[in-house]
Amino acid sequence: SQTIHQWPATLVQPVGSPLSLECTVEGTSNPNLYWYRQAAGRGLQLLFYSVGIGQISSEVPQNLSASRPQDRQFILSSKKLLLSDSGFYLCAWSSRGGIPPGGEQFFGPGTRLTVL
Amino acid sequence: DQQVKQNSPSLSVQEGRISILNCDYTNSMFDYFLWYKKYPAEGPTFLISISSIKDKNEDGRFTVFLNKSAKHLSLHIVPSQPGDSAVYFCAASGGGSNYKLTFGKGTLLTVNP
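Just so you know, the sequences run in chain order Y and A. Those letters in the first sequence? Residues -2 to 113, by the numbering used here. Those letters in the second sequence? Residues 1361 to 1473, by the numbering used here.
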């Protein structure tokens, strides 16, 4: 069966510090990978998605970047955090083959980031 | 421009009664719709989905209805249970090779014992 891991679970960082959040998927190959953010009182905002190693698409301009160094590894980074980067970050994967065809996505447990 | 809208931020229902969560969309290219349930500090979990070629899909206590002409879908939970209390997200997909989902802002459902 497939599992998705995210770490750390919680993180408190000062403004201006760097960030690295990691996500790994087990039990599947060639997944589509996604990073979302849920800010307080807001919905799920898609930040980045990747359809393969080294292929990253950005949905919104921001202070963050993403990388996919391996097939089942997705990393969210920042060189200098802003207060507005605080939120709940979620990694998700979906099957490349699209079963079901609408692309059901499976989410990780999330990382709560607080920037002070 | 918000393409998937959940206009009710919260809903309170008595245990045993029906919960109806609504979702509207604006993009006519969407052809697949999903509902996710989310507890605090956890990732969303998939509940039920519906293809645009159908108008109803049922799974146990959960039924999703799709009205394409109105660009509206709804999730019915019958009977509602206290464990159903969570935030429910509506999501839509236009297909394609990358399968991006567009999410609504969610509705907080509270089921009172």
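Since the hints were made in silico from the structure, they are not lab data. Check before you lean on any hint, since a few could be wrong.
Residues on chain A that point at chain Y, a partial pick, calculated with CB under 7 angstroms [unchecked claim]: (1) Y1399; (2) G1403; (3) P1404; (4) K1428; (5) L1461; (6) F1463; (7) G1464; (8) G1466.
Here are the computed distance ranges between Cβ atoms for each label pair [stated by the list, open to error]: (9) P15(Y) x K1416(A): 45 to 51 angstroms; (10) S54(Y) x P1439(A): 40 to 46 angstroms; (11) G1376(A) x K76(Y): 50 to 56 angstroms.
Since the structure is predicted, the reported quantities are computational estimates derived from the model, not experimental observations. Note that the Cβ used here is the ideal one computed from N, Cα and C, for glycine as well.
Hint by hint, which ones does the structure fall short of? 1, 4
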